[in-house]
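**Student:** Below, each chain spelled out in residue letters.
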Amino acid sequence: MKTLLSLTLSAALVATTWAIPQTVNTGIFGTAGSVEKFAGDPASWTPSADLPGPWSAPAADGTRKLTDKAVVFGVPAAEVQAVKSNDRLTSLRVVFRDSGKDRRTLLTRVSQGIAAFTGHPGREEGHDTKVFRYEKTQIRATPAREGEVIVEFTPAP
Amino acid sequence: MRRAWLAAALVATAVHAQEVQEVDFTPAVRSTEVWEAVSSPRGWSQPLTQGARLFRTCLYPVKVFGRSVTSVSGCFDNGKITSLTIVILDSGAWFGYVPDDQQKAVAAARGPEFARLYADTSAAVRKELDALGGPGREITLGSTQWLRHKAVIYQYGGLGARLTLWPDQLVKLTLFRDPADAPQLLDAWRRAPDRTVQARTLAGNVHTTSTGDKIIDGLPVFPQGDRAYCGVSALAMVMHASGLTLDTEDFAAGAGIRYGSTQKSHIREVYEAAAHEAGMSMFHGTRFEFARAQQSIDAGFPVIVFRRWDEQREYVHRAFAERFAADPTAQLPRADATERKTWPTREGFMHASVMNGYNNARGEVIFSESWDERARNRRMRYEEMEATSYLVYYPRL
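Chain order of the listed sequences is A and B.
Residues in the first sequence are numbered consecutively from 1, following the working numbering.
Residues in the second sequence are numbered consecutively from 1001, following the working numbering.
Source of the hints: derived by calculation from the structure; they are not laboratory data.
Just to be clear, a hint being listed does not mean it is correct.
If you want a taste of the chain B side facing chain A, the calculated C-beta under 8 Å gives, among others [to be verified]:
id : residue
1  : 1319
2  : 1324
3  : 1327
4  : 1330
5  : 1331
6  : 1338
On the chain B side, residues computed to face chain A include the following (Cβ under 8 Å) [stated by the list, open to error]:
id : residue
7  : 1311
8  : 1315
9  : 1323
10 : 1342
Built from N, CA and C at the ideal position, the CB exists for glycine as well.
Produce the complete structure using the sequences and hints provided.
**Tutor:** As structure tokens, this is what we get:
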């Protein structure tokens, strides 16, 4: 009886929307996974390396903002900043903001994406900060203000 | 001369990907003489699997008889094309993905235009084929209520052709190197009477990798595109692997996925019908059972899993599969309480995936999506598949 009920329920579910279209993202950093792949490439941190994508003009401190949308570690980024010093990329900073629609904590979601990307769980550092390593890149995820998580890519020390 | 031109056309489009021009496949429709040239690897997807028989999707826009077509795919046996499937007009592709609540409005606004296009296209293609091979032979394919349909069979130019016409839905042309295959739904190896041999053939497609993965080789990946076709594409992938030559678009037509929407469609019925047409059974349940799924894979049958899906978990499974390919020591997080909280729940989208392997020691399911080759062999922990699935099909002979 229980099986019959669950089969009936599943049939009812199936009769409703049950298909998603194939999603194809485009754009230099619009393709899911490309920011982290860029940051994980040691060549990206070498002097005079290209910084692909549409970026704002550098601010006084050398910071530039990505003007295109980006999905990083499977989560839409609110902001992507590149910091350069002496013609060399010194850090990539990604800000995630909680849309408030997800019951899962933002830090957990972002950390899971990073763990999947690096293939290893990060190590805890201090209160709530998680540090990961991918090849020669360090990835640090830190909760910032309420509903905000910052992920910073830097060359591994 | 013609052969060289066709090969050049394929190569040219590959080189100038930014200025892709349509490749004219009409010579390949007329005769198998140019099939060697058409099979140039640069024009086709490169399946990330092994096996004597591989299905590839043409990467470039194609026209046939002066008309742009929706898609072209080919079945390659040891690198040689044995059949070409040309979807000339498909309702799902023409309407695109339409949310269920918009189906009625879309049908009213654009339905009549599509019906006219269908009438025009089907008549024109049939006229071209009649000119090539004389009046075709009309037959009925399929024995079940949901998949029975009309087709026209031709023989000319060293090939057999099957023109499939689902009224107001689909115009599809399938070309077979062996004309005897054209009026048959089952591949030749499945038409042989000895089911023991068939079972052995299927089980022979399973191999174990150095990392302990058990994988079914040669599973086709049919891109669903911007269509509400994940369920029927998954079915087509599994059925082609099992020797039934019905395509995604046939199943969509049979299920009544009209005007780009799955509203009031009969996908479950089509699953049952497909199994019947293939001479198979399709045990199904509302729960994913890892042990049962392993038995299916061991026997060479992929498992179709309808599950809750979300974009972020999709990222995790994809990124981890890529990482694992480079570093087999990589580990998915354990299925603890924190991890489980991030799995999709009833609010997630409903989606169909094809499980085509597993790693028992790692407790991982290996699965593929009806998107493209990059969506092959993703990985998730079996506990997540158990927790997020709601309908699972285990085919068997």
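**Student:** Can you list which hints this structure breaks, lowest number first?
**Tutor:** none
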